[in-house]
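Given the sequences, and given the hints that come with them, work out the whole structure.
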Amino acid sequence: MSETRLQSFCRSPVVWPLAGILLLVLVNLVHDRSTAFLQVTVTDGHLYGTLVDILNQGSRCMLVALGMTLVIAVSGVDLSVGSLMAVGAAVAAVLLAREAHSVALAMTAALAATALAGLASGLLVTWVRVQPIVATLILMVVGRGVAQLITDGNVIIIQRAGFEFLGNGYLLGLPFSTVLVVALYLGAQVVLRRSAAGLFIEAAGDNETASRFAGLAVGRVKCLAYMTSGLCAGLAGLLAASNIRAADTLRGGENMELDAIFAVVVGGTALTGGRFSLLGSLVGALLLQTLTVTMYNLGVPPAVAPVPKALLIIGVCLLQSEKSRRWLGGLWSARKAA
Amino acid sequence: MKLLTSLCRPLWPCVVLALLAFAPAASAKALKVGFAQTGAESGWRTANTDSMKSEAVARGIDLKFADAQGKPENQIRAVRSFIAQGVDAIIIAPIVTTGWEPVLREAKQAKIPVIVMDRAVQVSDESLYACFIGSDFAEEGRMAADWLAKYTGGKGRILELQGTTGSDPANERRRAFAEGIAKYPDLKVIDSQSGDFQRQQGKEVMEALLKKHGRDFDIVYSHNDDMALGAIQAIEAAGLKPGKDVIIVSIDAIKEGVTAVADGKINCVVECNPLFGPKAYDAVAKIVAGQPVPRKQYNKDGLFDATNAAAALPTRQY
Numbered sequence: 000m001s002e003t004r005l006q007s008f009c010r011s012p013v014v015w016p017l018a019g020i021l022l023l024v025l026v027n028l029v030h031d032r033s034t035a036f037l038q039v040t041v042t043d044g045h046l047y048g049t050l051v052d053i054l055n056q057g058s059r060c061m062l063v064a065l066g067m068t069l070v071i072a073v074s075g076v077d078l079s080v081g082s083l084m085a086v087g088a089a090v091a092a093v094l095l096a097r098e099a100h101s102v103a104l105a106m107t108a109a110l111a112a113t114a115l116a117g118l119a120s121g122l123l124v125t126w127v128r129v130q131p132i133v134a135t136l137i138l139m140v141v142g143r144g145v146a147q148l149i150t151d152g153n154v155i156i157i158q159r160a161g162f163e164f165l166g167n168g169y170l171l172g173l174p175f176s177t178v179l180v181v182a183l184y185l186g187a188q189v190v191l192r193r194s195a196a197g198l199f200i201e202a203a204g205d206n207e208t209a210s211r212f213a214g215l216a217v218g219r220v221k222c223l224a225y226m227t228s229g230l231c232a233g234l235a236g237l238l239a240a241s242n243i244r245a246a247d248t249l250r251g252g253e254n255m256e257l258d259a260i261f262a263v264v265v266g267g268t269a270l271t272g273g274r275f276s277l278l279g280s281l282v283g284a285l286l287l288q289t290l291t292v293t294m295y296n297l298g299v300p301p302a303v304a305p306v307p308k309a310l311l312i313i314g315v316c317l318l319q320s321e322k323s324r325r326w327l328g329g330l331w332s333a334r335k336a337a
Numbered sequence: 000m001k002l003l004t005s006l007c008r009p010l011w012p013c014v015v016l017a018l019l020a021f022a023p024a025a026s027a028k029a030l031k032v033g034f035a036q037t038g039a040e041s042g043w044r045t046a047n048t049d050s051m052k053s054e055a056v057a058r059g060i061d062l063k064f065a066d067a068q069g070k071p072e073n074q075i076r077a078v079r080s081f082i083a084q085g086v087d088a089i090i091i092a093p094i095v096t097t098g099w100e101p102v103l104r105e106a107k108q109a110k111i112p113v114i115v116m117d118r119a120v121q122v123s124d125e126s127l128y129a130c131f132i133g134s135d136f137a138e139e140g141r142m143a144a145d146w147l148a149k150y151t152g153g154k155g156r157i158l159e160l161q162g163t164t165g166s167d168p169a170n171e172r173r174r175a176f177a178e179g180i181a182k183y184p185d186l187k188v189i190d191s192q193s194g195d196f197q198r199q200q201g202k203e204v205m206e207a208l209l210k211k212h213g214r215d216f217d218i219v220y221s222h223n224d225d226m227a228l229g230a231i232q233a234i235e236a237a238g239l240k241p242g243k244d245v246i247i248v249s250i251d252a253i254k255e256g257v258t259a260v261a262d263g264k265i266n267c268v269v270e271c272n273p274l275f276g277p278k279a280y281d282a283v284a285k286i287v288a289g290q291p292v293p294r295k296q297y298n299k300d301g302l303f304d305a306t307n308a309a310a311a312l313p314t315r316q317y
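These protein sequence lines are chains D and L, in that order.
Using numbering that gives the first Met the number 0, you'd call the opening residue of the first sequence number 0 and step up by one each time.
Using numbering that gives the first Met the number 0, you'd call the opening residue of the second sequence number 0 and step up by one each time.
Please keep in mind that the hints were generated in silico from the structure rather than gathered at the bench.
Worth double-checking, as some hints may not be accurate.
Claimed, not checked - Facing chain L, from chain D, some residues (calculated, C-beta under 8 Å):
| hint | residue |
| --- | --- |
| 1 | Thr34 |
| 2 | Glu98 |
| 3 | Asn242 |
| 4 | Val292 |
| 5 | Gly298 |
| 6 | Pro301 |
For each residue, glycine too, the CB sits at the ideal point set by N, CA and C.
Written out as structure tokens, the structure is:
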């Protein structure tokens, strides 16, 4: 029993990004010749250390990757997430600039705006039948412009105690943003796996025509996926704005779409849609953040940093692929035979 | 024929008089200048645009302003329309460095001088534009180094937050700063990472560097204010006092940066002055009058520290 569980764990897509994280931690430990990388202390009543930073700064990518997973599962892709982060931050910042508006109102308005934007790209994909990559590319370009328009092209400083907690606060010693993302993951897992919703998503992504004939409202499922992605991006934008206490509409969330897609793919969800793993995406996002922090820790010059990053990403992707693993396994057995 | 000339002869003095009367009016005729701006992507850029517009009004220059909204093709179209309108001079703040050759040739054929502002252009024939007016990023780095050497007595371990890897301001601010501190063997950059000119990245990099170096550093040198403002938050979260426990030097002098200097959280910001108006129109006036202008001109940058930041704050425009 325990062996089969171990075997199934080894086959799960989470293993490879997890192995990547462990490898990186090991590299850091060897480089430092101390356990400083893993050290977590208590400062001001909360945990303090590199691992805590990774969880906190990685939470935005984790969150966006959650939404992205659902979109990729319905065989789409959402390029607009980075811009929607900027839109969410912009809407909240402009509303919070007036004392009269409560934090709750500003957040609700921001999330409503990005969810609506997500729904718009969903409708473009399902109704107008535009290719997902094109439909969301439109919103990616437009979104950044809209965000700039809202803030008049300026960085807007946010000084509201309630709002700052979102990206800087701690709950039970852990960064609140991380707790929030994990709670959302658990919630999503319950909703998707305890009901038929997860199955609908996989069916819609796996074989759209068959699903439609089976009586599944594929269009509605897809729209919901894009809407969820918009919502996640908006919330990530709020986390970012809260973390730096300002809405940076020009650069905030830049390249987030690529990071999120990477996290999803490394986490074992195929770009062709169908089966998906939310946990895999979370671990994939953490791998990316660990990688970034490792570059800082090793002191890799920024001009060279993309190279080791690319190598690790290629490595994990190769290990993910069934074909290359079989080929590597073939090498192993051939050597044994000889 | 004879009749005609004899008829015209008495008219000559009139013509001369008329010319004399019109001559001052002709030279005072408003200069028409076309300005192709990149867009309105930052506070710096908006201040740059405002300076160009207000200075034009002050000098009675007829300014044709075109906002390219970040698109190179819009900018080239704007320059073509300036040529068609027959302006006296064209000022370009290029979005990209390449692809300017054809339109600059058209301007040259129309005998309209072109001034390149803020960012350089790459052309095979340097005579295609009259001169370049920009910010001296190297001088900014040097000023930061000199200030730091004076303030610390030439001693300290520096963490550097670089701008976008490979960008001109990041390269120059890094190189000149390194040259500036080379004279002081006890003033050393012990770590340098890119924060991509972003606030979020500045904070993230600073968090990582704080874990890596603990308290074993004294100074943070940031290539722009945004990264410095992000780094300050990370330093505060680590229980240190920016400006006191850690000396912070930064470049740009956006309003928020100067405010932080006045609050004692940043020790010094070197200005990257966006007010190009006076210098640009001085150059236009000289070129139109046929006088020589230097090939490269740099805008003068100031410096703000605890002594003058609070006083300068009310007049900061961006």
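Checked hints:
{"no.": "1", "hint": "Thr34", "in the structure": "12 Å, violated"}
{"no.": "2", "hint": "Glu98", "in the structure": "20 Å, violated"}
{"no.": "3", "hint": "Asn242", "in the structure": "7 Å, holds"}
{"no.": "4", "hint": "Val292", "in the structure": "5 Å, holds"}
{"no.": "5", "hint": "Gly298", "in the structure": "6 Å, holds"}
{"no.": "6", "hint": "Pro301", "in the structure": "3 Å, holds"}
Against the hints set out earlier in the document, violations occur for numbers 1 and 2.
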